[in-house]
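A.B. asks: Listed below, chain by chain, are the residues.
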Amino acid sequence: MTINFTSKIILLIFLFASQIFSQNSIKGKVINQKGEPIFGASVIIVGTSIGTSADENGNFILSNLKEEKFDLQISAVGYEKRIIKSVQKGKTINVILNESTIQANQIVVSAGKFEQKIEDLTVSTVVLSPEIIKKKNYITIDELLRNISGIQMNLEQVSIRGSSGYSKGAGARVLVAINGLPIYSGDNGDIVWEMIPTNDIERIEIIKGPASSLYGSSAIGGVINIITKNITKNALTNFRTYVGFFDKPAYEVWDWSKQYRRFYGTEITHSNSSGNFGYTFSIKKFDNDSYRQSDFYKRLLGYTKLTYNFNETDNITFFGNYLNQNRGNFLYWKDSRNALVPKDDENGNTVKSNRFFSGLIYHNQFSTYLSADFKASYYRTKFTGYGIEVTTSTADLFRTEALANYKFNNKFILTSGVELSSANISSNIFKNPSFYGGAAYFQLELHQIENLIATFGTRFDLMKLDTLKVKNAVTPRFGLNYKITDNLVLRSSIGTGFRAPTPSEVFTTAGVGAGIDVIENPNLTYETSLSFEIGANYTLSNQISLDATFYQTDYNNFIEPNLTKEGDIQFINLPKARIQGFEFLFDWKISDELKINGGYNYMWARDLNKNIAMKYRPRNSVNLSARYTQAQFEFGVDYRFASKVEEIDNALVQPPLALVIDGEKRVPIYVTDLMAGYNFFVMNIPTKIFFNIKNLFNYNYVEFIGNIAPIRNYSLSFEIYF
Amino acid sequence: MNKILLNIIFLLFSFLIISCNKGIEPSEPTGPFGFSGKVTFIGKWPEGVKRTHIVVFKNEIKKVEDFFNYFSFIVDSIPYGSKEFKYNSIDNPFNPNIKLIPGIYSYVVVAQSKTPEITLVRSDWNVVGVYCISGDQSKPKTLIINPGQITPDVNITVDFNNPPPQPPM
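Sequences listed follow chains A and B, in order.
Residue 1 is where the first sequence starts when you use UniProt numbering, and the numbers rise one by one after that.
Residue 1 is where the second sequence starts when you use UniProt numbering, and the numbers rise one by one after that.
Be aware that a few hints might be false.
What the hints assert, rightly or not - Mimicking DSS-like on lysine-lysine, the simulated pairs with C-alpha atoms at most 25 Å apart in a straight line are:
(1) K589/A / K576/A
(2) K258/A / K62/B
(3) K22/B / K58/B
(4) K589/A / K81/A
(5) K22/B / K610/A
(6) K38/B / K83/B
(7) K99/B / K62/B
(8) K248/A / K99/B
(9) K141/B / K63/B
(10) K38/B / K644/A
(11) K576/A / K50/B
(12) K117/A / K29/A
(13) K114/B / K610/A
(14) K22/B / K63/B
(15) K576/A / K644/A
(16) K168/A / K114/B
(17) K233/A / K248/A
(18) K411/A / K285/A
(19) K141/B / K610/A
(20) K58/B / K99/B
(21) K86/B / K50/B
(22) K22/B / K99/B
(23) K85/A / K610/A
(24) K29/A / K168/A
Stated by the list, open to error - Footprint (simulated), chain B over chain A, 3 or more residues, beta carbon under 8 Å:
(25) 339-352
(26) 439-449
(27) 695-702
Hints in this document: simulated from the structure, not taken from any laboratory.
Nothing here was measured: the structure is a model prediction, and the numbers come from that model.
Ideal Cβ positions, reconstructed from N, Cα and C, are used throughout, including at glycine.
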């Protein structure tokens with residue numbers, strides 16, 4: 001199903017020209033949000049048959065009008081129609097139409113390695129539009145994910161349905177990919193959200209369940225696949241800038257700086273095509289003073305995408321991404337009276353990093369039935385941490401994949417592929433390990449029985465992490481999708497997953513302060529999972545959509561950080577863990593102007609051997625969102641709740657270590673965000689202004705021990721297309 | 001119908017918004033806290049002892065792994081052959097990184113080890129004295145540490161001729 005707040009919001013803007021060209025005419029221009037003319041848009045006077053169409057430049061003119069005022073209806077295929085009331089004769093109007101709200105049966109998802117309708121999937125999947133990122137002044141995608149039901153962020157670590165706790169970026173259980181190319185680093189195996197070019201996102205696909213059968217190790221908890229935009233046929237430049245500040249802390253004793261701390265950024269993106277060649281260039285500078293001491297960042301992101309169409313069936317795409325970052329390194333507060341100040345021995349710590357990600361995708365549509373893709377990527381990460389000790393790591397990760405899709409007579413679709421990957425790491429904290437992996441997979445989707453789709457797939461992985469023994473894994477998966485009626489769809493799947501320990505989990509040897517060391521564990525082994533879900537989606541009169549899912553995952557050898565008897569931290573395998581849950585989602589279009597959506601997630605996550613809750617997993621969470629649009633104005637409110645987590649890293653907050661003083665302080669999470677936007681023209685250039693208040697009630701909470709989440713902050717963004 | 005549902009949603013929003021408070025608050029400021037007392041030794045010290053410490057556990061040790069799980073604090077080493085040792089947890093911590101926090105601790109002992117380096121392995125330690133009720137070493141006395149206070153008279157008698165019951169080993 002789709003989520004309303006991410007769906008396209010209607011924009012309709014008109015500005016009366018100062019010049020009257022004719023007392024008996026109305027003229028104007030119809031464009032989309034990007035400023036592109038909408039050829040063929042229909043313009044009709046409501047209640048009459050008088051009308052016209054926009055030309056190739058989007059211009060229209062209605063002549064010989066007798067009445068003084070009219071109601072105009074403007075519509076076009078793929079866009080939401082709009083009625084403009086009381087348009088005065090003799091005026092010029094510019095109209096922006098927004099793309100239609102995408103209906104569930106129109107959404108296409110390619111996270112399954114071929115394009116599928118979202119209603120045909122056998123696992124819970126969400127598709128998000130990028131518009132919300134700009135409207136809410138989200139700087140990175142992880143901020144957006146916090147408002148998605150079933151997804152939890154523990155600082156920068158993403159967890160889908162409880163798949164991850166917090167391990168300071170060492171390893172991930174959710175695979176993040178750009179156009180299907182995984183973007184995890186070679187050493188930590190972590191996701192660097194800042195790397196993702198938010199200005200070039202077409203949609204974000206989220207698979208809420210294990211996808212190891214297609215993606216392998218890192219997808220044991222799910223997949224977030226980011227699809228970039230198609231390059232425009234005409235020159236299009238987008239300029240966006242934002243500025244904001246954090247409010248004063250809720251308590252005077254926390255006001256360490258006596259200033260309003262600022263954040264700001266600017267990005268410019270240009271896209272164009274010439275013949276068969278197309279390009280997009282983007283550069284973004286974003287800085288944040290932070291509400292906490294020693295927590296600033298300064299980032300510079302450069303992004304480019306080049307495409308070349310050899311002919312109608314062959315094309316090649318290259319994209320490259322470079323991030324330079326200098327940031328503070330705040331992890332734990334000094335104590336709850338100094339909640340926005342780091343521990344004394346960590347104050348002033350900084351991290352400098354450079355990351356470069358590049359990908360190449362060659363696509364060949366051999367015939368209606370057969371297509372093939374060759375994908376290659378190279379990801380270089382380098383960081384240097386400055387503290388009591390200097391820590392460094394440089395990792396080079398290479399990855400190639402060849403996949404083919406064969407569709408036979410609309411009865412079955414076969415997807416198969418092979419992958420090779422390798423990584424080399426040079427580090428003074430992870431040693432200098434290397435990694436090699438190979439995999440082969442296939443998935444068969446059958447449409448033999450009317451209204452029933454069955455999928456079966458499996459993947460074989462072979463991998464070697466430095467001194468660890470060669471390991472292989474077979475991860476089959478089976479799924480069903482059954483349309484009982486046009487409005488009611490059932491889905492079910494059962495599948496296995498596995499996850500290899502990352503080099504950082506195995507080999508990290510470093511001090512974390514207070515005399516505590518992280519030590520290596522060469523005996524760390526691979527974790528595996530068995531997952532099951534059953535769900536139903538019900539659509540009522542295109543206005544209300546309901547979705548319910550029960551899910552369960554059993555983990556073996558779950559990898560978690562642990563305190564040893566010698567007082568060190570070491571990653572170990574938990575013998576058994578189980579996560580069960582229920583998720584309910586709703587999407588309600590109350591009127592053209594007002595839409596609401598939300599979700600409730602109940603999650604029971606247990607370490608079965610100790611019979612205690614798994615760390616950093618809230619049992620209950622709620623997300624609610626409402627959007628209201630009226631002409632050129634739009635308003636939004638988002639609310640999220642998560643119950644107080646039952647278990648944390650107690651060893652770090654209790655004697656004898658008590659590394660994080662007052663670290664046991666944690667509360668349920670209640671966060672409310674507000675958004676207001678105004679769309680208008682400046683010299684015929686579509687312009688958007690958005691004002692946001694995040695954490696409206698300045699509620700103080702933690703996602704990780706001793707780490708206060710962002711306090712109330714205000715931001716204003718300005719964006720134009722030309 | 002829509003109006004009713006809309007009202008319900010707004011009520012829900014209002015309830016959720018009103019239900020929240022300010023969340024995490026700063027703790028009240030406190031002065032130094034800890035405990036103090038003296039350890040009295042009776043009898044001849046055993047041979048080969050490398051270290052003798054006052055060790056604080058959150059709860060009584062009922063199984064081997066509790067020794068590690070409930071370990072909370074350790075006072076600096078008592079010199080070999082001492083007859084009496086006066087201490088203060090603030091002045092005599094074994095390691096400043098090992099911190100005590102206000103709370104209730106159910107098992108406070110004097111323990112000896114024959115290993116040169118300190119470990120948290122149960123078998124390396126021998127309990128030789130217990131902070132107890134009325135001199136009965138089978139009845140450990142609870143140590144209460146309040147914020148801003150130093151709990152006095154946490155006195156322990158070590159009688160090498162009459163050792164206390166040993167926790168599971």
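A.B. asks: Against this structure, judge whether each hint is valid.
C.D. replies: For each hint, the structure was consulted:
1. Restraint check for K589/A and K576/A: the C-alpha separation of about 43 Å exceeds 25 Å, so the hint is violated.
2. A threshold of 25 Å between alpha carbons decides the hint, and for K258/A with K62/B the separation of about 52 Å lies outside it, so the pair is violated.
3. Taken as a hint, the K22/B and K58/B pair is broken in the structure, with Cα atoms around 31 Å apart against an allowance of 25 Å.
4. Between K589/A and K81/A, the direct Cα distance comes to roughly 16 Å. Compliance with the 25 Å bound is thereby established for this hinted pair.
5. For a cut-off of 25 Å, the pair hint linking K22/B to K610/A is broken: about 34 Å separates their Cα positions.
6. With a CA separation close to 10 Å, the supplied pair K38/B and K83/B stays within the 25 Å bound.
7. For the hint pairing K99/B with K62/B, the CA-to-CA distance comes to about 23 Å; that is within 25 Å, so the pair holds.
8. Distance check on the hinted pair: K248/A and K99/B sit about 32 Å apart at the alpha-carbon level, beyond 25 Å; violated.
9. Restraint check: the Cα-Cα separation between K141/B and K63/B comes to about 19 Å, which is no more than 25 Å; the hinted pair holds.
10. The straight-line distance between the Cα atoms of K38/B and K644/A is roughly 42 Å, outside the 25 Å bound, and the hint therefore fails.
11. Only pairs whose Cα atoms come within 25 Å are accepted, and K576/A paired with K50/B is rejected, the gap being roughly 40 Å.
12. About 34 Å separates the Cα atoms of K117/A and K29/A, which puts this hinted pair outside 25 Å; it is violated.
13. Only pairs whose Cα atoms come within 25 Å are accepted, and K114/B paired with K610/A is rejected, the gap being roughly 32 Å.
14. Distance restraint check for K22/B and K63/B: the Cα-Cα separation of roughly 42 Å exceeds the 25 Å cut-off, and the hinted pair is therefore not satisfied.
15. For a cut-off of 25 Å, the pair hint linking K576/A to K644/A stands: about 23 Å separates their Cα positions.
16. The hinted pair formed by K168/A and K114/B fails the criterion: a straight-line CA distance of about 38 Å is larger than 25 Å.
17. The hinted pair formed by K233/A and K248/A fails the criterion: a straight-line CA distance of about 47 Å is larger than 25 Å.
18. Distance restraint check for K411/A and K285/A: the Cα-Cα separation of roughly 49 Å exceeds the 25 Å cut-off, and the hinted pair is therefore not satisfied.
19. Of the pairs offered as hints, the one joining K141/B and K610/A is violated, with about 29 Å between alpha carbons and a cut-off of 25 Å exceeded.
20. Restraint check: the Cα-Cα separation between K58/B and K99/B comes to about 13 Å, which is no more than 25 Å; the hinted pair holds.
21. A threshold of 25 Å between alpha carbons decides the hint, and for K86/B with K50/B the separation of about 19 Å falls inside it, so the pair holds.
22. Of the pairs offered as hints, the one joining K22/B and K99/B is violated, with about 29 Å between alpha carbons and a cut-off of 25 Å exceeded.
23. A threshold of 25 Å between alpha carbons decides the hint, and for K85/A with K610/A the separation of about 66 Å lies outside it, so the pair is violated.
24. Taking the CA atoms of K29/A and K168/A, the gap is about 52 Å. The hint is violated against a cut of 25 Å.
25. Chain B is given as covering the region 339-352 of chain A, and this is violated because 1 residues of the stretch bring a CB closer than 8 Å to a CB of that chain, at least three being needed.
26. With 0 residues having a Cβ less than 8 Å from any Cβ of chain B, the region 439-449 of chain A misses the three-residue criterion, and the hint is violated.
27. Only residues whose beta carbon comes within less than 8 Å of a beta carbon in chain B count, and the region 695-702 of chain A has 6; three or more means the coverage holds.
Of the numbered hints given earlier, the model fails hints 1, 2, 3, 5, 8, 10, 11, 12, 13, 14, 16, 17, 18, 19, 22, 23, 24, 25, 26; all others are met.
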